[in-house]
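Knowing the structure of chain D, use the given hints to seat chain F on it.
Line by line, the protein sequences give chains D and F. Those letters in the first sequence? Residues 407 to 653, per this note's numbering, in order. Those letters in the second sequence? Residues 407 to 653, per this note's numbering, in order.
Derived by calculation from the structure, the hints in this document are not laboratory data. Errors might be hidden in some of the hints.
A pair holds if it fits inside one copy or across any two, identical chains being indistinguishable in the list.
What the hints assert, rightly or not - Calculated lysine to aspartate or glutamate pairs in the DMTMM-like style (CA-CA distance at most 20 Å, straight line):
#: 1; residue 1: Lys631; residue 2: Asp546
#: 2; residue 1: Lys605; residue 2: Glu548
#: 3; residue 1: Lys600; residue 2: Asp619
#: 4; residue 1: Lys585; residue 2: Glu421
#: 5; residue 1: Lys631; residue 2: Glu508
#: 6; residue 1: Lys547; residue 2: Glu473
#: 7; residue 1: Lys600; residue 2: Asp576
#: 8; residue 1: Lys631; residue 2: Glu482
#: 9; residue 1: Lys602; residue 2: Asp576
#: 10; residue 1: Lys602; residue 2: Glu632
Note that the coordinates shown come from a computational prediction; the quantities given were computed from them, not determined experimentally.
Number of protein chains: 2
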Amino acid sequence: MMSENKVGTYRFVAEPFHCDFSGKLTMSVLGNHLLNCAGFHAADRGFGIATLNENHYTWVLSRLAVELENMPCQYEGFSIQTWVENVYRLFTDRNFAILDKEGKAVGYARSVWAMISMETRKPADLLTLHGGSITDYVCDKECPISKPGRIKVTEKTPVSEYQTRYSDIDINGHVNSIKYIEHILDLFPIEFFKEKRIKRFEMAYVAESYYGDILSFYREEVGEKEYDIEVKKNGTDVVVRSKVIFI
Amino acid sequence: MMSENKVGTYRFVAEPFHCDFSGKLTMSVLGNHLLNCAGFHAADRGFGIATLNENHYTWVLSRLAVELENMPCQYEGFSIQTWVENVYRLFTDRNFAILDKEGKAVGYARSVWAMISMETRKPADLLTLHGGSITDYVCDKECPISKPGRIKVTEKTPVSEYQTRYSDIDINGHVNSIKYIEHILDLFPIEFFKEKRIKRFEMAYVAESYYGDILSFYREEVGEKEYDIEVKKNGTDVVVRSKVIFI
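So that you can see chain D by itself, here it is in the shape it has in the complex (with noise of 0.2 Å):
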């Protein structure tokens, strides 16, 4: 197999309805982007949704990390690439890096999926799926960003809540990945996206909510510029946890 299929890339251009009042696109687009070029990818070699769907599994987003020097103005081209680092019985590590429109990387991001039964919910094992031939898709490529950590808030008074509505509800019935980090954003006043920018943006997908489920939204300073947020629903289970650094 030739290595250079096993990195995928896809072209965009930055929409203005996609970029905030700076003119850059937005953290929760660029999530959006990064997941739909995993679904590209992934159907391109076998994997993708469609072709698990007939057999009843599907793909489960665990972790997104995604760390950037700088994103694309309104109207800008820019790229993404993406590549799977390893597979493992039950998780697969896929990276990606953005591309600027003149090819440089300006960010990278790290996630982590796991393959579910779509039954009875329970993880299904990479290393048989198709003959364990997501493996030869594995790439030593370099992503120079840390792997996502751990996210841990004590805090107890929320910050914010919010009730969800039809536009948060995907296929699955199930507040879209997407929309968890619209909601987070907006817990910080447009003063932050003013004076600093987003240096590094984590999300840890814990369980899933529904429609007109309560989320409570706990955020905590945990060092300079860097707020760990937890999400909650119905005041008890953890639904997501997400780490935003400002620099």
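Chain F alone, transformed into the frame defined by chain D:
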């Protein structure tokens, strides 16, 4: 000038995070695509935002009406055609057709735009712009849906209130046109979208709202499965009006 050049056609795929619980593209994402197509079409013909900005003019969306038989499903390809129907001194009518993956029209849209000076915020004369050459693109392609109508809301008690946040705000410092669509559809319980679907959707953009504004949503049932919505900022000024007809 060849008449084919009057109609622009742009291809899309319904991305998973752009679909709702039913696996169909959401109206807000369709709205985003429509406005992008307007931008592409204008830019390709010398009337795009980039060219206008050099001359300190910009397009302002005044009205949008969308009527559909069907929405594209998750992962399905579809395309959008757009063309200019009329050019008046202060407004231009731009229409759209939404074609399914087989190229069959499943819906149409109408929009009304003005051009304003970014310095004075006053409207510009479209008939003298670029020596009136915008009128060369006027096209009599059929758009078999009715024009945006009058929307009148007398309801005095808001059904919902919302303070605008970071992710609502675009590069102009305004709540972006697409976010209003999302907030308006979120006024309806998900059951509405389960039992029915949106047949026609209208937006009238009246004034701008800004970061931190409190938006109040007034909703009135004006016919069977037909709702008029008015959004006011800070308890006084009308910002947008909308009509949603379910079927």
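Evaluated hints:
Taking the closest pair of Cα atoms, lysine 631 and aspartate 546 never come within 20 Å of each other, the shortest separation being 32 Å inside a single copy and 56 Å across copies. In this assembly of identical chains, the alpha carbons of lysine 605 and glutamate 548 lie at most 20 Å apart only when taken from the same copy (19 Å versus 49 Å across copies). For the homomeric pair lysine 600 and aspartate 619, the shortest alpha-carbon distance between copies (18 Å) is at most 20 Å, but the shortest distance inside one copy (32 Å) is not. Taking the shortest Cα distances, lysine 585 and glutamate 421 sit within 20 Å of each other both inside one copy (18 Å) and across copies (14 Å).
In this assembly of identical chains, the alpha carbons of lysine 631 and glutamate 508 never lie at most 20 Å apart, being 30 Å within a copy and 51 Å across copies at closest. Taking the shortest alpha-carbon separations for lysine 547 and glutamate 473, only the intra-copy value of 17 Å comes in at or below 20 Å, while the best inter-copy value is 47 Å. For a Cα distance limit of 20 Å, the shortest separation of lysine 600 from aspartate 576 across copies, 13 Å, qualifies, whereas the shortest one inside one copy, 31 Å, does not. Taking the closest pair of Cα atoms, lysine 631 and glutamate 482 never come within 20 Å of each other, the shortest separation being 28 Å inside a single copy and 42 Å across copies.
For the identical chains of this complex, lysine 602 and aspartate 576 are inter-copy neighbours only, at 17 Å across copies versus 32 Å inside a copy, given an alpha-carbon limit of 20 Å. For a Cα distance limit of 20 Å, the shortest separation of lysine 602 from glutamate 632 inside one copy, 12 Å, qualifies, whereas the shortest one across copies, 45 Å, does not.
The structure does not agree with the numbered hints 1, 5 and 8 stated previously, though it agrees with the rest.
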